[in-house]
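One gets the working numbering by counting positions in the sequence shown from 1 and adding 192 to each.
Do not rely on the hints blindly, as some may be mistaken.
[Said to hold, decoys possible] Calculated pairs, PhoX-like style, for lysine-lysine (alpha carbon to alpha carbon, straight line, at most 25 Å):
(1) Lys275 <-> Lys537
(2) Lys532 <-> Lys275
(3) Lys296 <-> Lys275
(4) Lys367 <-> Lys296
(5) Lys326 <-> Lys532
(6) Lys405 <-> Lys367
(7) Lys502 <-> Lys537
(8) Lys296 <-> Lys326
(9) Lys405 <-> Lys475
(10) Lys499 <-> Lys475
(11) Lys296 <-> Lys478
(12) Lys499 <-> Lys455
(13) Lys367 <-> Lys326
(14) Lys478 <-> Lys500
(15) Lys273 <-> Lys532
(16) Lys455 <-> Lys444
(17) Lys500 <-> Lys455
(18) Lys478 <-> Lys499
(19) Lys326 <-> Lys478
(20) Lys531 <-> Lys275
(21) Lys405 <-> Lys296
(22) Lys531 <-> Lys326
(23) Lys502 <-> Lys475
(24) Lys326 <-> Lys275
(25) Lys500 <-> Lys475
(26) Lys537 <-> Lys499
(27) Lys531 <-> Lys273
(28) Lys537 <-> Lys478
(29) Lys273 <-> Lys326
(30) Lys273 <-> Lys296
(31) Lys478 <-> Lys367
(32) Lys537 <-> Lys326
(33) Lys478 <-> Lys502
(34) Lys475 <-> Lys367
(35) Lys478 <-> Lys405
[Claimed, not checked] Computed spacing ranges between beta-carbons, pair by pair:
(36) Glu540 <-> Gln261: 25 to 31 Å
(37) Leu538 <-> Asp474: 20 to 26 Å
(38) Gln261 <-> Pro295: 27 to 33 Å
(39) Ile511 <-> Ser471: 20 to 26 Å
(40) Gln331 <-> Thr453: 46 to 52 Å
Calculated from the structure, these hints are not laboratory results. In this text, a Cβ means the ideal position worked out from N, Cα and C, and glycines have one as well.
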Amino acid sequence: MPSAPPLTTGEKLMLIPKAFFALGSLSYALLTRPLASSPRPVDFFRDAVFAAMRSFLSNISTAQEQASQSSTEAEYLAVSKYKHYAPDTDVLDSGLRVHWLGPKLSRSTILFLHGGGFNLAASAGHIEWLWELKNDLAQQASISVVIPSYTLAPEGQYPLQLQQAAETLQWLVEKQGKSPGNIILAGDSAGGNLSLAVLSHLLHPHPDVPEIKLREPLAAAVLISPWARFVSNDVSVTENQRSDMVTVAAAKRWSSNYLGTAKLDYYNQPADADEQWFSGLDKRVKDIFVYAGGGEILIDSIEAFVKKLKQSHPRVEYIVQPGVAHDDIILDKVLGYTKKADGTKLIESWIAQRCQVLGY
Numbered sequence: 193m194p195s196a197p198p199l200t201t202g203e204k205l206m207l208i209p210k211a212f213f214a215l216g217s218l219s220y221a222l223l224t225r226p227l228a229s230s231p232r233p234v235d236f237f238r239d240a241v242f243a244a245m246r247s248f249l250s251n252i253s254t255a256q257e258q259a260s261q262s263s264t265e266a267e268y269l270a271v272s273k274y275k276h277y278a279p280d281t282d283v284l285d286s287g288l289r290v291h292w293l294g295p296k297l298s299r300s301t302i303l304f305l306h307g308g309g310f311n312l313a314a315s316a317g318h319i320e321w322l323w324e325l326k327n328d329l330a331q332q333a334s335i336s337v338v339i340p341s342y343t344l345a346p347e348g349q350y351p352l353q354l355q356q357a358a359e360t361l362q363w364l365v366e367k368q369g370k371s372p373g374n375i376i377l378a379g380d381s382a383g384g385n386l387s388l389a390v391l392s393h394l395l396h397p398h399p400d401v402p403e404i405k406l407r408e409p410l411a412a413a414v415l416i417s418p419w420a421r422f423v424s425n426d427v428s429v430t431e432n433q434r435s436d437m438v439t440v441a442a443a444k445r446w447s448s449n450y451l452g453t454a455k456l457d458y459y460n461q462p463a464d465a466d467e468q469w470f471s472g473l474d475k476r477v478k479d480i481f482v483y484a485g486g487g488e489i490l491i492d493s494i495e496a497f498v499k500k501l502k503q504s505h506p507r508v509e510y511i512v513q514p515g516v517a518h519d520d521i522i523l524d525k526v527l528g529y530t531k532k533a534d535g536t537k538l539i540e541s542w543i544a545q546r547c548q549v550l551g552y
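Generate coordinates for the entire structure from the input sequences, incorporating the hints supplied.
Written out as C-alpha cells, the structure reads:
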C-alpha cells in the first residue's frame with residue numbers, strides 16, 4: 193500500500209504562499225459578508241475561518257496536509273495529559289491500536305470511528321468532544337469510549353479501514369466481554385461512512401473482511417454528518433459552498449487516496465445503495481440517530497441516504513440543524529468554542545435515553 197510521499201523542500205516552501213492565499217480568502221469573506229445572498233456561516237468568525245480552510249484544503253497536497261497534523265494517538269495522549277487522565281491503549285492482533293476514555297469495565301461502550309476524510313487523524317477536537325460526552329453521560333450511565341487509530345489513506349486503502357473497524361467490534365465482544373446490546377457504534381464524517389460500512393458488513397459480509405459474529409443487535413448507531421457519497425453534483429454542493437468548510441477538491445483528493453484502485457460499492461457509497469440493501473438492518477442495530485447540518489455541502493446526499501435507511505429501519509431519528517456546517521459539533525471544539533453545541537446536546541440526550549431504556 194502506498195504511503196504519503198515525504199514533504200519536499202519545495203512543498204514546504206509552497207505552504208507559505210498558500211497560507212497567504214488562505215488569509216486573503218479570509219479577508220474577502222469578511223468584506224463581502226454584508227453583501228452575501230447565498231448561505232453563509234452563522235457568525236463572522238466561522239465565516240472567516242471557513243473561507244481560509246476552503247482555500248487551504250483546495251490547494252494543499254496530501255503530503256503537505258498530513259505533515260501539518262499529528263497522529264490520533266498523539267492527540268489522545270495530549271488531551272489525556274491535559275485532562276489528567278491515565279491513557280489506556282490496547283493493541284489488537286493485527287497491530288491496530290485502540291484508545292480508551294473511561295473505565296474498561298463500564299457496562300456500555302461507544303465505539304467511535306473518527307472523521308477526517310480517511311486522510312486525517314482524529315483531532316484534539318475529536319478527543320475533547322468525546323471526553324466531554326463521556327463525562328456528561330457518565331452522570332447517568334456506566335459508559336466508556338473506544339477510539340481505534342485506524343490506518344490513514346493513502347498508506348491504508350479500502351477496505352483496510354473496514355477490516356480494522358470490524359476487528360475492533362469483534363474484539364470488544366470476544367476479548368473485552370462487551371454485550372453487543374451495550375455497544376453504540378458512532379462516527380463523524382468519514383467515520384460515519386465507516387460506521388455505515390460496518391452496518392452493511394453485518395448485513396452483507398464483505399468478501400475481503402472477516403465476518404462479525406454477534407449474538408444480538410447493537411444497541412444503537414450515531415452518524416454525525418456521514419460522508420454518504422464521496423463526490424456528487426447535488427444542488428447543496430453549489431448552494432452551500434460558502435457556508436461550509438469542505439470543498440469538492442478536498443473530497444476528490446481524500447476519496448481517491450482512500451479508494452486507490454478499488455471501485456465504488458454500497459459499503460463505501462451508502463447513498464447510492466439500492467432499496468433492498470439495508471433490509472433487515474433493524475435486526476443488526478436497534479436504533480439509529482443521524483445528525484447533519486443544513487449548511488453543509490453533503491446535506492443532499494445525507495437526505496438521500498436517510499430516506500433509504502428509513503424504508504428499512506423503523507427506528508431512525510434524523511435531525512438537521514439549520515444553517516450549520518459539516519461536522520459542526522467537532523469543529524466547534526477545534527475552533528475553541530466552549531459552549532456546548534446544540535447538536536451535542538441532542539446526541540447526548542438521545543444516547544442517555546437509550547441508556548435509561550436499556551438500564552445501563
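Now for the hints, and whether the structure bears them out:
1. In summary, the hint linking Lys275 to Lys537 is supported, as the alpha carbons are separated by about 21 Å, within the 25 Å threshold.
2. The hinted pair formed by Lys532 and Lys275 meets the criterion: a straight-line CA distance of about 18 Å does not exceed 25 Å.
3. A hinted pair counts as satisfied when its Cα atoms are at most 25 Å apart, and Lys296 with Lys275 qualifies at roughly 18 Å.
4. Using a Cα cut-off of 25 Å, the hinted pair Lys367 and Lys296 holds, with the two alpha carbons roughly 12 Å apart.
5. Distance hint between Lys326 and Lys532 is fulfilled; the C-alpha atoms sit about 14 Å from each other, no more than 25 Å.
6. A hinted pair counts as satisfied when its Cα atoms are at most 25 Å apart, and Lys405 with Lys367 qualifies at roughly 13 Å.
7. Proximity of Lys502 to Lys537 is assessed by CA-CA distance (about 23 Å); at most 25 Å being required, the pair is judged to hold.
8. Restraint check: the Cα-Cα separation between Lys296 and Lys326 comes to about 13 Å, which is no more than 25 Å; the hinted pair holds.
9. The straight-line distance between the Cα atoms of Lys405 and Lys475 is roughly 13 Å, inside the 25 Å bound, and the hint therefore holds.
10. A threshold of 25 Å between alpha carbons decides the hint, and for Lys499 with Lys475 the separation of about 19 Å falls inside it, so the pair holds.
11. A threshold of 25 Å between alpha carbons decides the hint, and for Lys296 with Lys478 the separation of about 23 Å falls inside it, so the pair holds.
12. Taking the CA atoms of Lys499 and Lys455, the gap is near 24 Å; set against the 25 Å cutoff, the hint holds.
13. For the hint pairing Lys367 with Lys326, the CA-to-CA distance comes to about 22 Å; that is within 25 Å, so the pair holds.
14. A hinted pair counts as satisfied when its Cα atoms are at most 25 Å apart, and Lys478 with Lys500 qualifies at roughly 17 Å.
15. Simply put, Lys273 and Lys532 have alpha-carbon atoms about 22 Å apart, close enough for the 25 Å limit, and the pair holds.
16. Distance hint between Lys455 and Lys444 is fulfilled; the C-alpha atoms sit about 14 Å from each other, no more than 25 Å.
17. Taken as a hint, the Lys500 and Lys455 pair is honoured in the structure, with Cα atoms around 22 Å apart against an allowance of 25 Å.
18. With a C-alpha separation of about 18 Å, the suggested pairing of Lys478 with Lys499 holds against the 25 Å cut-off.
19. Proximity of Lys326 to Lys478 is assessed by CA-CA distance (about 21 Å); at most 25 Å being required, the pair is judged to hold.
20. For the given pair, Lys531 sits about 18 Å from Lys275 by alpha-carbon distance, which is consistent with the 25 Å threshold.
21. The suggested pairing of Lys405 with Lys296 holds, with an alpha-carbon distance near 21 Å, which does not exceed 25 Å.
22. Restraint check: the Cα-Cα separation between Lys531 and Lys326 comes to about 16 Å, which is no more than 25 Å; the hinted pair holds.
23. A hinted pair counts as satisfied when its Cα atoms are at most 25 Å apart, and Lys502 with Lys475 qualifies at roughly 14 Å.
24. Distance check on the hinted pair: Lys326 and Lys275 sit about 13 Å apart at the alpha-carbon level, within 25 Å; holds.
25. With a CA separation close to 16 Å, the supplied pair Lys500 and Lys475 stays within the 25 Å bound.
26. Distance hint between Lys537 and Lys499 is fulfilled; the C-alpha atoms sit about 24 Å from each other, no more than 25 Å.
27. Of the pairs offered as hints, the one joining Lys531 and Lys273 holds, with about 22 Å between alpha carbons and a cut-off of 25 Å not exceeded.
28. This hinted pair checks out: Lys537 and Lys478 have alpha carbons roughly 21 Å apart, not beyond 25 Å.
29. Among the hinted pairs, Lys273 with Lys326 is consistent with the structure: their alpha-carbon atoms are about 17 Å apart, no more than 25 Å.
30. Taking the CA atoms of Lys273 and Lys296, the gap is about 19 Å. The hint holds against a cut of 25 Å.
31. This hinted pair checks out: Lys478 and Lys367 have alpha carbons roughly 23 Å apart, not beyond 25 Å.
32. Proximity of Lys537 to Lys326 is assessed by CA-CA distance (about 13 Å); at most 25 Å being required, the pair is judged to hold.
33. A threshold of 25 Å between alpha carbons decides the hint, and for Lys478 with Lys502 the separation of about 13 Å falls inside it, so the pair holds.
34. With a C-alpha separation of about 23 Å, the suggested pairing of Lys475 with Lys367 holds against the 25 Å cut-off.
35. Note on Lys478 and Lys405: the hinted pairing holds, with a Cα-Cα distance of about 16 Å set against a maximum of 25 Å.
36. At roughly 27 Å, the beta-carbon separation of Glu540 and Gln261 lies within the given 25 to 31 Å, and the hint holds.
37. Between Leu538 and Asp474, the C-beta spacing of about 22 Å keeps the proposed range 20 to 26 Å intact.
38. Against the hinted window of 27 to 33 Å, the Cβ-Cβ separation of Gln261 and Pro295 comes to about 29 Å, which satisfies the hint.
39. Here the CB-CB span from Ile511 to Ser471 is close to 24 Å, well matched to the stated 20 to 26 Å.
40. At roughly 48 Å, the beta-carbon separation of Gln331 and Thr453 lies within the given 46 to 52 Å, and the hint holds.
Every hint from the earlier list agrees with this structure, and none is contradicted.
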